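Produce the entire structure from the sequences given, and follow the hints as far as they go.
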Amino acid sequence: MTTERDFDRIARAWLELMPDEAPDRTIDAVLRAVDATPQVRSPWRWLPWRSRPMNRIPLVLGAAAVVAIAGALLMSRTGTGPEIGSSPSPGSTIAPSGSASPSDGFPIAAGGPLPSELQARWMGEHRGVVAPDAGTTIIFDASTFALSQSNAENVRQLTSNASAVGTGQFRLESTATTDGCTKGDVGVYGWTRSPSGRTLTLVDDIDACPTRAGAVAGVWWLMGCPIAEDFCLGPLDAGTYKSQYIRPRVDPGVTWTPEFGAITYTVPDGWANSADWPTTFDLVPATELPPMAEADKTRHIGLVTQPTAMAQDKPCSDTVAPGVGRTVNTLVTWLRTVPGLVTSKPTTISIDGHSGQWLDLRVDSGWKRSCDGETKPIIAYLNPGTAIAGPTERERLILVDLGDGDVLAIVLWASDQAAFDAFVPEAMSIVESFRFK
Amino acid sequence: MDELVERARQGDRDAFASLVHATSDRMYAIAVRILRDSDLAQDALQGALVTAWRQLPNLRDPARFEAWVRRLLIHACYAEARRRRSWTANVRVLPVDGPADPDSPLLSVVDRDLLERAFRRLSIEHRAVFVLHHHTGLALVEIAEALGIPAGTARSRLHYATRTLRDAIEADTAPVIPEGRMA
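From first to last, the protein sequence lines are chains V and D.
According to the numbering used here, the stretch in the first sequence is residues 1 to 437, in order.
According to the numbering used here, the stretch in the second sequence is residues 438 to 620, in order.
Keep in mind the hints are simulated off the structure, nothing from the lab.
Do not rely on the hints blindly, as some may be mistaken.
[What the hints assert, rightly or not] Quick list of the computed label-pair ranges, beta carbon to beta carbon: (1) 573/D <-> 32/V: 23 to 33 Å; (2) 32/V <-> 492/D: 15 to 25 Å; (3) 24/V <-> 448/D: 20 to 30 Å; (4) 596/D <-> 405/V: 29 to 39 Å; (5) 421/V <-> 503/D: 24 to 34 Å; (6) 588/D <-> 348/V: 35 to 45 Å.
[What the hints assert, rightly or not] Far from chain D, some chain V residues (derived; all Cβ distances over 12 Å): (7) 184; (8) 194; (9) 392; (10) 417.
[Said to hold, decoys possible] Output of the computed footprint for chain D on chain V, the stretches with three or more beta carbons under 8 Å from beta carbons of chain D: (11) 7-13; (12) 290-299.
Since the model is a prediction, treat every value here as computed from it, not as a measurement.
Glycine included, C-beta positions come from ideal geometry on N, C-alpha and C.
Spelled out as structure tokens, the structure:
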């Protein structure tokens with residue numbers, strides 16, 4: 001047995017084995033990038049600049065109106081155009097789509113910083129500029145725009161300077177010749193948000209770069225994850241959504257590749273997506289999001305891909321129980337033999353045409369065993385890391401056979417029986433809305 | 438350093454270069470330990486420092502510069518791990534490179550190998566907490582602040598990571614743990 005002090009010494013010694021000096025080439029690359037990168041100033045720093053050129057306002061509005069008309073005439077595919085009330089500015093010209101660059105006399109000059117409502121990360125369907133099947137992320141700050149593959153935000157594409165040019169409109173100007181755009185290409189887009197601000201609809205009024213026009217226009221969901229690095233959507237409006245990262249059919253050990261919309265789900269008002277990872281996905285009542293403390297949480301729906309039985313002679317380890325196959329039937333049969341785990345009679349279910357079984361779980365009131373460092377009685381029953389604690393927690397475990405040997409575990413968890421009883425009907429309706437790609 | 442930060446906030450690139458030279462080794466050391474890959478760590482460091490430059494005017498307290506950059510770096514590590522996601526479902530086997538360092542009798546080659554394997558199975562979030570605690574020496578409260586997570590979450594992540602690595606070196610005669618997955 002390794003003592004705690006010994007382990008700490010071993011861990012520190014092991015960590016010391018890695019290098020401590022940043023390579024010079026990395027520092028050089030940083031300094032070169034800094035030389036070419038402007039700083040982002042807080043919006044208030046823009047206010048003096050915005051208020052100074054008063055004669056700029058009618059010019060911008062007039063130009064925006066021209067674009068609106070151009071949009072109406074040329075871009076009927078976009079349906080509704082932005083709401084612009086001004087008449088065309090004398091002398092303005094309508095630039096046909098495909099020729100709108102400053103050097104061609106495109107009439108829209110850069111405007112002020114983008115409104116705060118746009119400044120966020122937004123998630124969208126696959127676009128042709130990213131890898132096949134991958135989802136897409138767009139990021140606005142006060143003065144820039146970039147699009148990236150959803151799992152590769154460091155690789156910015158279609159990078160553009162961005163500015164507001166009228167009510168409900170913004171202007172993009174390419175900062176590099178790449179991704180089918182030429183540096184300086186200008187586009188103008190209309191934008192509207194849902195009343196909650198969680199859904200953004202962009203329409204391409206005009207853009208010299210058709211690649212960007214095709215990629216930017218469309219519907220985007222706010223990535224409002226309370227913990228930004230978790231890349232989830234956060235609170236949701238009632239409606240139908242798609243997953244971004246989870247891959248229910250990817251086996252452990254197989255390299256993950258992105259597939260947008262592997263799961264489609266429908267939620268009523270008041271729900272949130274709190275996690276979306278390659279092997280797990282969570283939906284919770286929005287009230288359960290941070291800042292609610294972990295200890296205070298009462299309900300969630302959790303998805304785990306390709307679950308396996310956890311060995312009970314090595315409790316709380318990642319060890320697979322020998323001889324238990326990864327099929328719905330064998331897992332259900334095995335679960336009913338797990339010491340201390342009280343299970344209901346299995347019930348069949350069909351989700352998106354895939355058969356499965358569900359059973360309710362709780363920890364026997366006499367069960368005492370726990371995991372290291374925990375005080376409650378716990379039974380960890382599925383890999384990876386799926387457990388139930390006693391004596392009050394309740395779970396409904398749904399195992400779905402996705403075909404070809406792929407199994408998905410769906411856990412409806414509640415902190416106690418009353419919460420469980422109230423939670424299950426609504427949670428089950430969400431689960432039954434799942435559609436698998 | 439506060440003066441350099443203030444100058445850099447005003448757009449002074451030379452001042453920022455001095456900050457880069459002053460902090461990049463410490464930041465790289467964190468990134469390479471979390472990501473276990475020099476190339477990924479360099480990318481994360483570069484991304485974090487360029488972001489720091491861009492966002493520096495919005496940093497309210499110059500004294501918080503290093504903690505703030507560390508947070509940007511951890512986020513960049515998360516992004517790198519996600520971007521290059523073969524995400525270590527396959528555990529690489531380290532080459533056996535001779536006997537243990539005689540100055541480090543606690544750390545045998547077997548321990549190194551076991552720790553490396555177990556560490557690569559941890560999620561990037563668990564790795565970050567473990568490195569910030571055992572390498573950087575941050576208290577749990579500081580780790581929670583650095584990562585933007587509740588202290589309880591930091592504690593449970595450290596507990597899980599520690600338990601996983603301890604189990605690895607204590608159970609080296611046990612059957613091989615099946616390939617883990619990060620979530």
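Outcome of the hint check:
no. : hint                        : verdict
1   : 573/D <-> 32/V: 23 to 33 Å  : holds (28 Å)
2   : 32/V <-> 492/D: 15 to 25 Å  : holds (19 Å)
3   : 24/V <-> 448/D: 20 to 30 Å  : holds (25 Å)
4   : 596/D <-> 405/V: 29 to 39 Å : holds (34 Å)
5   : 421/V <-> 503/D: 24 to 34 Å : violated (50 Å)
6   : 588/D <-> 348/V: 35 to 45 Å : holds (44 Å)
7   : 184                         : holds (22 Å)
8   : 194                         : holds (27 Å)
9   : 392                         : holds (19 Å)
10  : 417                         : holds (25 Å)
11  : 7-13                        : holds (count 7)
12  : 290-299                     : holds (count 5)
The structure does not agree with numbered hint 5 stated previously, though it agrees with all others.
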